[in-house]
Amino acid sequence: MNPLLDAPAFALRNLTHQGFRSLLTLLGVIIGIAAIVTLFSLGAGLTNAVNEQFEQLGANTVYVMPSGLLSGSSGNASTNVKTLSSSLIDRIHNLSEVEEVISNVYSQGTVTVGHQNERIYILSISPDELQSYVNTGFLSLREGRLFSSRDTFTAILGNQLVDDRFEKDVRLGSKILIEGKSFSVVGVTAPAAEIAGDPASVNNSIFIPSKGFNQLFEETDPLFLIVKTNAVEEVPLAVEKITRLLDKEFGRDQKVFEAVTTEQLQEQVGALIGVIQIVLVGVASISLLVGGVGIANTMVMSVLERTNEIGVMKAVGATTHIVLAVFLLEAGFIGALGGLIGLIIGYSLAFLVGYVANSMNFALSIYFDPFVALFALLFALLVGMVAGFLPARRAARMDPVDALRA
Amino acid sequence: MNPLTEVPTYAIRNLTHQGLRSYLTLLGVVIGIAAIVTLFSLGSGLNNAATEQFEQLGSNTLFVAPAGEFGSQSNGSSTNVKTLSESTIQKLKSIPEVEVVLAPISAPTTVTFGREKTRATFIATSPEESREFQSTGFLEFAEGREPTSRDTFSLIIGHNLAKKTFENDIRVGDKIKIEDRSFKVIAITKENAQSFGGGPNTNNTIFGSKKGFSQVFAETDPVFLLIKTKKKDDVQLVKDKIERVFESVYGKDQKVYEVQTSEQLLQQIGQFLGVIQLVLVGIASISLLVGGIGITNTMVMSVLERTNEIGVMKAVGATNTIVLSVFLMEAGFIGLVGGVFGVIFGYALAFIVGAVSMASGLALKVEFDITLVIGSLLFAMLVGMISGFLPARRAARMDPVVALRGIE
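Those protein sequences? They're chains P and L, same order as listed.
Residue numbers for the first sequence follow full-length UniProt numbering, beginning at 1 and rising by one.
Residue numbers for the second sequence follow full-length UniProt numbering, beginning at 1 and rising by one.
Among the hints, a few may not be true.
Unchecked claim - Ranges of calculated distance between the beta carbons of each label pair, as one might list FRET restraints:
id: 1; chain 1: L; residue 1: S135; chain 2: P; residue 2: D128; range: 50 to 58 Å
id: 2; chain 1: P; residue 1: S359; chain 2: L; residue 2: K211; range: 53 to 61 Å
id: 3; chain 1: L; residue 1: P127; chain 2: P; residue 2: I276; range: 38 to 46 Å
id: 4; chain 1: L; residue 1: F368; chain 2: P; residue 2: A271; range: 33 to 41 Å
id: 5; chain 1: P; residue 1: T152; chain 2: L; residue 2: S87; range: 51 to 59 Å
id: 6; chain 1: P; residue 1: V386; chain 2: L; residue 2: F368; range: 31 to 39 Å
id: 7; chain 1: L; residue 1: Q267; chain 2: P; residue 2: E249; range: 38 to 46 Å
id: 8; chain 1: L; residue 1: E128; chain 2: P; residue 2: S359; range: 52 to 60 Å
id: 9; chain 1: P; residue 1: V386; chain 2: L; residue 2: E305; range: 23 to 31 Å
id: 10; chain 1: L; residue 1: L390; chain 2: P; residue 2: I276; range: 20 to 28 Å
What the hints assert, rightly or not - Calculated pairs, DSSO-like style, for lysine-lysine (alpha carbon to alpha carbon, straight line, at most 27 Å):
id: 11; chain 1: P; residue 1: K248; chain 2: L; residue 2: K177
id: 12; chain 1: P; residue 1: K82; chain 2: L; residue 2: K164
id: 13; chain 1: P; residue 1: K248; chain 2: L; residue 2: K175
id: 14; chain 1: L; residue 1: K210; chain 2: P; residue 2: K82
id: 15; chain 1: L; residue 1: K91; chain 2: L; residue 2: K228
id: 16; chain 1: L; residue 1: K91; chain 2: L; residue 2: K230
id: 17; chain 1: P; residue 1: K82; chain 2: L; residue 2: K175
id: 18; chain 1: L; residue 1: K117; chain 2: P; residue 2: K241
id: 19; chain 1: P; residue 1: K248; chain 2: L; residue 2: K117
id: 20; chain 1: P; residue 1: K82; chain 2: L; residue 2: K211
id: 21; chain 1: L; residue 1: K177; chain 2: P; residue 2: K82
id: 22; chain 1: P; residue 1: K248; chain 2: P; residue 2: K82
id: 23; chain 1: L; residue 1: K177; chain 2: L; residue 2: K211
id: 24; chain 1: P; residue 1: K228; chain 2: P; residue 2: K211
No lab work stands behind these hints: they were computed from the structure.
A virtual CB, placed ideally from N, CA and C, is assigned to each residue, including glycine.
Work out the full structure, taking the sequences as your base and the hints as a guide.
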């Protein structure tokens, strides 16, 4: 008798003989693992989507933004927010490593279409900046044209504004009022995936040329800059130089603006989503715990029912270790099998949710992650074995004489 | 034989005889219900805390802010906020039902103490406004004196800024720098817990005079107002009047400034928290589902083991309905008992988390909610009965002859 081969075979056979009971126990584990895998994948999908959007802008990008924006420590509405002056932007542009500076100026404005008034984010953009948005794939047009240097009172509208928000039919050539000034519509954006919580997404905003923007709003200094370096290798040096310029402007050790790389930004956003992910997966894990209790229950009954059999096994020479192994393997097998099915269902559900979310313009990139799969399987196996340990030990320690008599 | 009394007794006796199996089944339900109760209570606790902080400001308070700044996670990124001019504020003050208009001005700023720097929000008030904040309990001093009209470069420092931010604690009488201008600390606020979802809070705030503020910052017109009405019943009326004032200033159908009552603001926070609560409780419910499957499993076993017994019951005249109700009650009873323990554990956990959270500065007011208790118990019993239905029906439909012969 080879325990290494016989014990698993025996454990498997026992399980299949138990029928309905095993199926229900399995179901508990399946649901638990599926919930964990789904929620984990959705969280990862959100992170992926955010990363992809940053990557669209290229790894040679440096972002200048108010300090602490992502950690949520920024203040509320105030008129005394410091902005980036045009002379500072020029100095950043003049750095030898910097190829291009896209300044992100926007404001909420009142937009009038027919009799309808709406508050909408108005984004100021130069023709060049618009062109580089299009080149990087950050923005594309569904219809119409981009801005030329002659444009002033022209507008490119977000597709959702045209499709849903405005009651009146707005077409190319239509006139709309922004802050009381008439603009003619020259383009409509193509639907773009949206990052959760971004108020100024391209789908819901209006782009107007900087020249026009400056006539509507008084202060037009930006709070955000997208800085492109000549090469990816120059990014660290550019960050250093920009930080020095910011320090010079706002004082040493300033915490007003910071220059961050795509990587750092991705890290910060990832950390934020990671917290949500941990909470959700943590709560979902409770159901796996309950599933584990179910395994323990099944194993207790299994040991009780097979007292006689255990007696026979021991009588013909099975050691305590072999009996323990048989029952541990049985419990672990329930866990692993439940894990496998749960994994399949969990990923199917995640891909389904991802598909639905994407069709609703909500960015979510679900990928199959072999580490998650492997980990989920091992975890399920472990849960099964831990749950089965006490019943298995009870079986292993039985006195063969008592067990046979039972 | 009275089925109404005997059936439950019989069902309970069966359970207690099953020992470990029942306990483990119970455990599944206990964990599931405890998770639901804990998460639900914590969600409500956040909401309660936010409500309390708004109520401090009084239910006769109206909030005025730039449109779109309410509710949305504003990051102050719009540089083109229109300010409220002195004449607009005068018009609001002249509304007869208005008792007081508080027009604090604020700016994010850099604070220097010794060699260290940090970012904080500077709120400038007049002495009158400062007194009003004190009388509502929003602003409370732990030490120091009240500001007077003679104070210019004097500051009241939030508790966390004074005690937790810098290496050395700031004390009353110390000098700190705001944007390179020296100010004297005259008072430090009491610590108050931060409510989730952006309720008002003084921990990381600096209060100073408007005169001092105007020496440091360019723009001194406010963008945010607190308006108190004389009577609570006038809130809606005043809201309409304020909106009319804004329309006269910014044009009809303006969407520059918004007016909200504390009730509306609370509703928004409540909705936001409600969604989080729903998601968490929804996920926690999965564990109750798994617990329910455990009940089904136990009941299937129970029915199989007692095939003989079911045969006897039927032979001596028990109808299908009685057999069904015996097993249904047994399953429901597992659910109910699991629910009772789950509610106890759940609330214990919620109160512990609430206490820890309060101690670490996040306002969380866990309260015992009888509706939640009854709801959880009924839900647990329902889950038990639904889980037990199929096994119970199988038992009820057994042919007595086959059942009696069933287990030899």
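Here is how each hint holds up against the structure:
1. The hint said 50 to 58 Å for the Cβ distance between L:S135 and P:D128, and at roughly 56 Å that hint holds.
2. Here the CB-CB span from P:S359 to L:K211 is close to 57 Å, well matched to the stated 53 to 61 Å.
3. In this structure the supplied range 38 to 46 Å holds for L:P127 paired with P:I276, their Cβ-Cβ distance being about 44 Å.
4. Here the CB-CB span from L:F368 to P:A271 is close to 36 Å, well matched to the stated 33 to 41 Å.
5. The beta-carbon spacing between P:T152 and L:S87, approximately 33 Å, falls outside the hinted interval of 51 to 59 Å.
6. Between P:V386 and L:F368 the CB atoms are about 35 Å apart, so this pair conforms to the stated range of 31 to 39 Å.
7. In this structure, L:Q267 and P:E249 meet the distance hint of 38 to 46 Å, their C-beta atoms being roughly 42 Å apart.
8. Checked against the hint of 52 to 60 Å, the C-beta distance between L:E128 and P:S359 comes to roughly 56 Å, which is consistent with it.
9. Judged by the Cβ atoms, the range 23 to 31 Å given for P:V386 and L:E305 holds: they are separated by roughly 27 Å.
10. Restraint check, L:L390 to P:I276: a C-beta distance of roughly 37 Å breaks the suggested window 20 to 28 Å.
11. Using a Cα cut-off of 27 Å, the hinted pair P:K248 and L:K177 holds, with the two alpha carbons roughly 19 Å apart.
12. For the given pair, P:K82 sits about 26 Å from L:K164 by alpha-carbon distance, which is consistent with the 27 Å threshold.
13. For the proposed pair P:K248 and L:K175, the alpha carbon gap of about 25 Å is at most 27 Å, so the pair holds.
14. The suggested pairing of L:K210 with P:K82 holds, with an alpha-carbon distance near 19 Å, which does not exceed 27 Å.
15. With a C-alpha separation of about 15 Å, the suggested pairing of L:K91 with L:K228 holds against the 27 Å cut-off.
16. Between L:K91 and L:K230, the direct Cα distance comes to roughly 16 Å. Compliance with the 27 Å bound is thereby established for this hinted pair.
17. Distance hint between P:K82 and L:K175 is fulfilled; the C-alpha atoms sit about 24 Å from each other, no more than 27 Å.
18. Distance restraint check for L:K117 and P:K241: the Cα-Cα separation of roughly 22 Å lies within the 27 Å cut-off, and the hinted pair is therefore satisfied.
19. Distance hint between P:K248 and L:K117 is fulfilled; the C-alpha atoms sit about 16 Å from each other, no more than 27 Å.
20. With a C-alpha separation of about 20 Å, the suggested pairing of P:K82 with L:K211 holds against the 27 Å cut-off.
21. A threshold of 27 Å between alpha carbons decides the hint, and for L:K177 with P:K82 the separation of about 18 Å falls inside it, so the pair holds.
22. At roughly 14 Å between alpha-carbon atoms, P:K248 and P:K82 fall within 27 Å of each other, so this suggested pair holds.
23. Distance hint between L:K177 and L:K211 is fulfilled; the C-alpha atoms sit about 16 Å from each other, no more than 27 Å.
24. Straight-line distance between C-alpha atoms of P:K228 and P:K211 comes to about 23 Å, which keeps the hinted pair within the 27 Å bound.
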